[in-house]
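Participant: Using the sequences and the accompanying hints, generate a full structural model.
Listed here are the chains, written in short residue letters.
2 protein chains.
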Amino acid sequence: MVDNEKQASGGLVWVAKFADGSSKQLEPEPRCICVGLIMGCRTSICNFAGDVWKLGASDPRKVVHCMKVGLALTVVSLFYYMRPLYDGVGGNAMWAVMTVVVVFEFTVGATLSKGINRGIGTLLAGSLAIGVHFVASHSGDKGEPIVLAGSLFLLGSAATFSRFIPWVKRRYDYGVLIFILTYSLVSVSGYRIEKLTELALQRLSTVGIGGAICVIISVLLYPIWAGDDLHRLIPANIEKLAASLEECVLQFFNDAQDDDHRKASRIDGYKCVLNSKTTEESLANFARWEPAHGPFSFKHPWKQYLKIGTLSRYCAYCIEALNGCINSGIQAPESLRQQLRSVCANLGICFSEVLRELAASLKTMSKSSNIRFLVHDMNNAVEELQNSLKYLPETMHENAVTIIEALPVVSAAALLIEIAARIEAVVLAVDELAELAGFKDEEGDQKHQEEEHAKEMKALQQV
Amino acid sequence: MVDNEKQASGGLVWVAKFADGSSKQLEPEPRCICVGLIMGCRTSICNFAGDVWKLGASDPRKVVHCMKVGLALTVVSLFYYMRPLYDGVGGNAMWAVMTVVVVFEFTVGATLSKGINRGIGTLLAGSLAIGVHFVASHSGDKGEPIVLAGSLFLLGSAATFSRFIPWVKRRYDYGVLIFILTYSLVSVSGYRIEKLTELALQRLSTVGIGGAICVIISVLLYPIWAGDDLHRLIPANIEKLAASLEECVLQFFNDAQDDDHRKASRIDGYKCVLNSKTTEESLANFARWEPAHGPFSFKHPWKQYLKIGTLSRYCAYCIEALNGCINSGIQAPESLRQQLRSVCANLGICFSEVLRELAASLKTMSKSSNIRFLVHDMNNAVEELQNSLKYLPETMHENAVTIIEALPVVSAAALLIEIAARIEAVVLAVDELAELAGFKDEEGDQKHQEEEHAKEMKALQQV
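First to last, the sequence lines map onto chains A and B. Read left to right, the first sequence gives residues 25 to 487 (the numbering used here). Read left to right, the second sequence gives residues 25 to 487 (the numbering used here).
Note that these hints are calculated values from the structure, not bench results. There is no bait here: all hints are sound.
Identical copies carry no separate label here, and so any pair may be met within one copy or between two of them.
In silico DSS-like pairs for lysine-lysine, Cα to Cα no more than 25 Å straight-line: (1) K295 with K331; (2) K464 with K387; (3) K327 with K295; (4) K331 with K464; (5) K193 with K78; (6) K387 with K327; (7) K301 with K327; (8) K295 with K193; (9) K391 with K331; (10) K86 with K295.
Facilitator: Here it is in structure tokens:
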């Protein structure tokens, strides 16, 4: 009987097992090794292909983006291939290609931000460098390198330092990098000024062509807006909180019964929210560069989305602590759980209703007429919980439950009350956003529809 | 009586106020406006200069980094200025300058990562492009642009897509960007192959010169190691947690008495930890590229630092919830606070002792002999708290305290118990790191010192 085992190293080893239980390792034949290697490669290639396929299927916009980059590169290269520049890669064509490669980003906002930064950085550095060159060329043979190298050292250091200033880093980091790059390149060049000006203009125009191709393809072909992403991310996160809260409450007050795996994945939704700060900030940063598109004006209050994000994160921190209660290992006594089960379940439902209403209001960009009732219900549910808690000492006494045993239940209740307060803060922030961004009035809409309907009925009656 | 008021626009308006209460706005004289503008500019320039000075003073390494960048730029420009390249900026000199500008980063790890990525990306793309050029040049006049443009589209798209794969994005993002850039540049060039190979070699050598200048200056002149930064950040965060916890417990169980501002800033320390994930991950990512330096070998287990960071963050989430209890607005009754004050204060001290010991152990890279006693003390303090809690119902009954009033105290106690469990998880992770990184043994060291001392004494006696 010949059996194969996988070694830790991933190679194949052939072992002959005999009927008496003994076994003997067979010397590997070269053909076997080859087959093993090929099989190993095939498996890892298949795995890799599967991962890549999943990545593309999970967000087809990524595939679209890649095609757009390929298209932009082809367009810019054909543009120059049509009238071949036999002065070679060093010619100005390369600046257009380079701009396309470096500037084309996933979202329109990022592309615009980089393109504008690149343009302005090049312009500023070019003008400054020509000025310094003029001074240097009038400083004599010995003075020239000193002026050039000295100015390069000073400007390079100062510009690098400016990249540490938070607001520069946030919005103009790439512009400063391009400033340093352009200034250094012009400094190194040994041209006379007349030629330098000509060169600078040529370079600006090629950078402009590259940038224009990027922006046109980015905006016109299936544009991917950072603002849209942010506008989808915030309600998605709020919905994740809703699902986590629902599941947390259910799991804490009931015994786990059905599919645990599904539950765990629903509970873990809040973990995405814990670490979404960086994503939110970069999206908001890019969204500010984007022109008006869809329902968003140029001055859309993206900062307010960050505020909502931060407040949602505060909810998530509390859910984390609540989850800690669930996983603390101390199973709360059935009597206490029974007493609080219905009120807490009710509170959990109220939470998720408020959160889902907020998410819907954000998604549709309409003021919710329901939200104040839902918040009212939530506050009532909190009061109910507080009332039920009043009878807890009695129940504990009757069932001989110590306070240590009751601790998880009591602290879970306290956290639920705290979460209610934090959800109200999110509600207020969404209200503010509704005011700032001029969300449409759902009630007004309904009235409007009713009026329209009445008019139609009248018209029909007249006919 | 002439009075000046500041308008919202920031300009100055002169208003004459008369004794009867009436006032008249004076027409601004041009000189006044000028003075106002100059004063305004001076103030904002002074503010800006102050901010910049603070930024530099807070981390002088930033200033050092800027000088290093300036120096690298000057060196590379002088290198080429000495033998002027009158074929201009388009010549190969620009690749060395460009490499310096783009590759020189704050930490050695980031510089090495970018430099190596740039080198390998250029090499791979160059070889591939020469191969494709060879195929294209044998495809006839009509086939050539099709092969070139087609390959550019396919490779550009595929390479862009690969940047979405998480592990590529994490470590090789810049290399792939350079791959696309180099491939496109060679595709656009209309050179024959012999000349292309020569060009490619020249370019590689200039990129090498630029990269070498960066790496040499970055490593030899006041090197800033990402590993060092990570190795400082993790214990600093743990110390912040210790300070926050100490202050939280004090503030909750005592009435605020002394300087509130100082306390608030100590409490808020944990907030840095909540959002440090991105920083930690990027530092660990760069640290992996760094050669052995100081006490760190090339294979230092940087990943374990991330694990410690994550577990510290879990503590911070709980502290956030605890802080929520403090700020909930419900002042817990004095009787309950008095009952738990001493045990909770003791627990708070135990927390901060354990955390500070962990931080010290991480900083000095030595195994702590005390830590197991401190953890033992902490667990005892938790038990004491649980014992004190047992008498809480009685106290509540005696002082007619409802459970709603007791809620903040009880949930704070539960959170403190949860925090103890999470701190133990951090202790275990630090232990693991000590094993993986071979921290020196404090006890062993003491023994060794004692033996040395005994030998010296013997030697002295013999003399």
